[in-house]
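Q: Sequence:
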Amino acid sequence: MIDPEAVQLDQAKLEALAEFAAGAGHEINNPVATIVGRVQLLLRSETDPQRRHALKVIAGQAYRIRDMIGDLMLFARPPQPEPISCCLSDAVRKTLDKLQDEVERSGATLQTDLSSSVPVWADPVQLAVVISNLIRNALE
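Per this note's numbering, the sequence shown starts with residue 6, numbered consecutively.
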């Protein structure tokens, strides 16, 4: 038998966690944006290959933090899904393009065998998040 009070308490805890995640995400995103901006400025004038590489690693990790915070914000305040007919192959290609630096840094080799068109009924943003998470999990 399900206890209605326990369900209500669990729901309240989940809502409090979501509110905390949203606030923390906002507060973390501000310094991350500053880090990314400063690194981009430094990259414009840096000519030393080792320093350029180090700056690119910093930028890549800052982007990773930004993406994780974005995922956390989606958990905290998930948008209503807006499913449409979209091409899974295109979604995989676009996501791989965005994650190419991470793939290269990991030293992994990613191979795909994508059909020209695989239609799916999905929310494109949520589909991209799922594909991104699958790729990152594979890299780890």
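These aren't lab readings, by the way, just hints derived from the structure by calculation.
The structure presented is a predicted model; accordingly, all values stated were derived computationally and were not measured.
Virtual Cβ for every residue (Gly too), placed ideally from N, Cα, C.
It is possible that part of the hints are untrue.
Said to hold, decoys possible - Here are the in silico distance ranges between beta carbons for each label pair:
id	residue 1	residue 2	range
1	I70	V135	17 to 23 angstroms
2	I70	M6	39 to 45 angstroms
3	Q16	L101	33 to 39 angstroms
4	E109	D15	40 to 46 angstroms
5	Q66	D8	42 to 48 angstroms
6	I33	R110	20 to 26 angstroms
7	D95	R141	52 to 58 angstroms
8	G65	D118	42 to 48 angstroms
9	L47	P9	34 to 40 angstroms
10	V134	Q66	18 to 24 angstroms
11	A59	P9	53 to 59 angstroms
12	A59	L14	27 to 33 angstroms
13	G65	P9	46 to 52 angstroms
14	L46	A143	22 to 28 angstroms
Q: Now look at each hint and say whether the structure bears it out.
A: These are the hints, each one checked on the structure:
no. : hint                           : result
1   : I70 - V135: 17 to 23 angstroms : 20 angstroms, holds
2   : I70 - M6: 39 to 45 angstroms   : 44 angstroms, holds
3   : Q16 - L101: 33 to 39 angstroms : 38 angstroms, holds
4   : E109 - D15: 40 to 46 angstroms : 43 angstroms, holds
5   : Q66 - D8: 42 to 48 angstroms   : 44 angstroms, holds
6   : I33 - R110: 20 to 26 angstroms : 22 angstroms, holds
7   : D95 - R141: 52 to 58 angstroms : 19 angstroms, violated
8   : G65 - D118: 42 to 48 angstroms : 27 angstroms, violated
9   : L47 - P9: 34 to 40 angstroms   : 57 angstroms, violated
10  : V134 - Q66: 18 to 24 angstroms : 19 angstroms, holds
11  : A59 - P9: 53 to 59 angstroms   : 56 angstroms, holds
12  : A59 - L14: 27 to 33 angstroms  : 48 angstroms, violated
13  : G65 - P9: 46 to 52 angstroms   : 48 angstroms, holds
14  : L46 - A143: 22 to 28 angstroms : 33 angstroms, violated
Hints 7, 8, 9, 12 and 14, counting from the list given before, are not met by this structure.
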